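Undergrad: Sequence:
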Amino acid sequence: MSGSGANLAGCASCKGRCCREYTVNVTVADIRKLATGMALHPREFVALKEKDDGDFRLRPGGPKFDLRLKHRPVTEGCVFLMEIAPGHARCGAYAHRPRVCANFPAALIGNTVTIRSDTLCGGSDSWNLTAMDLPALRANIMRNKAAWREHLRIAEQWNARVEGGWRTRSEDELFAFILAAEQQDSAERSASSAPSEQSEQPEPVEDADIPGRSGEDAGQDGSNAANGAAGTVVADGQDLGDPAQTSA
75 MSGSGANLAG CASCKGRCCR EYTVNVTVAD IRKLATGMAL HPREFVALKE KDDGDFRLRP
135 GGPKFDLRLK HRPVTEGCVF LMEIAPGHAR CGAYAHRPRV CANFPAALIG NTVTIRSDTL
195 CGGSDSWNLT AMDLPALRAN IMRNKAAWRE HLRIAEQWNA RVEGGWRTRS EDELFAFILA
255 AEQQDSAERS ASSAPSEQSE QPEPVEDADI PGRSGEDAGQ DGSNAANGAA GTVVADGQDL
315 GDPAQTSA
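Numbering (the working numbering) for the sequence shown: 75 to 322.
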C-alpha cells in the first residue's frame with residue numbers, strides 16, 4: 075500500500091490480498107533495509123526461487139535464482155503480514171517494506187504516474203490519484219529503478235566470484251556478500267566525499283577485501299562487471315520490482 079494514501083478506497087478495507095497472492099521480488103537494497111530495520115537475518119525472510127532469467131548463481135554454470143519475500147505455508151501470506159482479524163491483515167514491516175510495496179498501486183507509464191492495471195483489490199478507479207503525493211511516488215519509483223541497477227551490478231560481481239571458483243556457495247554466503255557489499259559501497263561513498271587534497275594517500279585494499287573480488291577470482295575484473303550492470307536499461311513503464319505475478 076502506498077504510504078501517500080492510507081485512507082484511499084483501494085486500501086481502506088485491506089484484506090492483505092496483495093501480500094498473499096503477489097510474488098514480491100526484492101533488491102539487495104530492500105534486503106539490507108529489512109535486515110537492519112527488523113533486526114533479522116535475510117534467511118528469515120528471503121527465499122531463493124530458480125528461474126531462467128534469475129539473477130544469482132550458487133554454483134559454477136548452475137541455475138540462476140530470484141530473491142523474493144517468503145510466504146508462510148499456513149496463511150500463504152508474506153512472512154511480514156500480521157493477521158489482525160479474520161479477513162484483515164496489515165504489514166508488520168511497514169516502515170522498512172520494499173520500495174515496490176511502498177509504491178503500490180502506482181506505476182510510471184511513460185512519464186506519467188498512474189495506477190497499475192493488474193491490482194487485485196478492485197480496478198484502477200479504486201484509488202484517487204488526486205489524493206496521492208505524485209511527485210513523491212515518481213521519485214520513489216525512479217529510486218527503485220536505480221536500486222535494480224545496483225542489484226544487477228552486485229549480482230554480476232557475485233556470479234563472477236562463483237564462476238571463478240569450483241564449489242557450490244551456500245545461501246548464507248550469498249546473504250553475507252549482499253550485506254558486505256553495502257559496507258563497501260558506504261566506504262567508497264565516504265572516500266569520494268572526502269577532501270581531495272590529502273597529505274597521505276590511502277593504502278591499497280587487497281582484492282580479497284572487496285565484495286566480488288577474492289584470491290580465487292584472480293583475473294576477474296569486478297569493475298567491468300559493475301559497469302556493465304550499471305548500464306542496464308530499464309524501459310519506461312516497466313518496474314522490475316513490481317510484484318507483477320502471483321505466487322508460485
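Derived from the structure by calculation, the hints contain no laboratory data.
Among these hints, one or two may not hold up.
[Unchecked claim] Here are the simulated PhoX-like cross-link-like pairs (lysine-lysine), alpha carbons at most 25 Å apart as the crow flies: (1) 144 - 219; (2) 219 - 107; (3) 123 - 219; (4) 123 - 138; (5) 123 - 107; (6) 144 - 107; (7) 219 - 89; (8) 107 - 138; (9) 138 - 125; (10) 125 - 144; (11) 89 - 144; (12) 125 - 219; (13) 144 - 123.
[What the hints assert, rightly or not] Label-pair ranges, simulated between beta-carbon atoms: (14) 194 - 166: 46 to 52 Å; (15) 125 - 220: 33 to 39 Å; (16) 112 - 241: 29 to 35 Å; (17) 220 - 164: 37 to 43 Å; (18) 125 - 237: 15 to 21 Å; (19) 207 - 123: 18 to 24 Å; (20) 95 - 202: 19 to 25 Å; (21) 164 - 133: 36 to 42 Å; (22) 242 - 184: 39 to 45 Å; (23) 136 - 95: 25 to 31 Å; (24) 159 - 254: 37 to 43 Å; (25) 237 - 164: 40 to 46 Å.
Bear in mind that the values here come from a model prediction, so they are computed numbers and not experimental data.
Ideal Cβ placement from N, Cα and C applies to all residues, glycine included.
Undergrad: Hint by hint, note whether the structure agrees.
TA: Results of checking the hints against the structure:
At most 25 Å may separate the alpha-carbon atoms for a hinted pair to count; residue 144 and residue 219 meet this at roughly 22 Å. Between residue 219 and residue 107, the direct Cα distance comes to roughly 16 Å. Compliance with the 25 Å bound is thereby established for this hinted pair. Among the hinted pairs, residue 123 with residue 219 is consistent with the structure: their alpha-carbon atoms are about 21 Å apart, no more than 25 Å. Pair hint residue 123 plus residue 138 holds up; C-alpha atoms about 8 Å apart against a cutoff of 25 Å.
At most 25 Å may separate the alpha-carbon atoms for a hinted pair to count; residue 123 and residue 107 meet this at roughly 21 Å. Straight-line distance between C-alpha atoms of residue 144 and residue 107 comes to about 16 Å, which keeps the hinted pair within the 25 Å bound. Distance hint between residue 219 and residue 89 is unfulfilled; the C-alpha atoms sit about 28 Å from each other, more than 25 Å. About 23 Å separates the Cα atoms of residue 107 and residue 138, which keeps this hinted pair within 25 Å; it holds.
Straight-line distance between C-alpha atoms of residue 138 and residue 125 comes to about 6 Å, which keeps the hinted pair within the 25 Å bound. Simply put, residue 125 and residue 144 have alpha-carbon atoms about 16 Å apart, close enough for the 25 Å limit, and the pair holds. Between residue 89 and residue 144 the alpha-carbon distance is near 18 Å, which keeps this suggested pair within the 25 Å criterion. At most 25 Å may separate the alpha-carbon atoms for a hinted pair to count; residue 125 and residue 219 meet this at roughly 21 Å.
A distance of roughly 10 Å separates the Cα atoms of residue 144 and residue 123; the hinted pair therefore holds under the 25 Å criterion. For the pair residue 194 and residue 166, the beta carbons lie near 20 Å from each other, so the given range of 46 to 52 Å is not met. Between residue 125 and residue 220 the beta carbon distance is about 23 Å. The supplied range of 33 to 39 Å is therefore violated. Range check, residue 112 to residue 241: Cβ separation about 31 Å, and the 29 to 35 Å hint holds.
Hint check: residue 220 to residue 164, Cβ distance near 28 Å, so the stated range 37 to 43 Å is violated. As the Cβ distance of residue 125 to residue 237 is approximately 18 Å, the hint placing it in 15 to 21 Å holds. The hinted range of 18 to 24 Å is not satisfied by residue 207 and residue 123, whose Cβ atoms lie roughly 33 Å apart. Between residue 95 and residue 202 the C-beta distance comes to about 23 Å, which sits within the given range of 19 to 25 Å.
The hint said 36 to 42 Å for the Cβ distance between residue 164 and residue 133, and at roughly 39 Å that hint holds. A hinted range of 39 to 45 Å for the beta carbons of residue 242 and residue 184 is consistent with their spacing of about 43 Å. Here the CB-CB span from residue 136 to residue 95 is close to 30 Å, well matched to the stated 25 to 31 Å. The beta-carbon spacing between residue 159 and residue 254, approximately 41 Å, falls within the hinted interval of 37 to 43 Å.
Checked against the hint of 40 to 46 Å, the pair residue 237 and residue 164 passes, with Cβ atoms roughly 42 Å apart.
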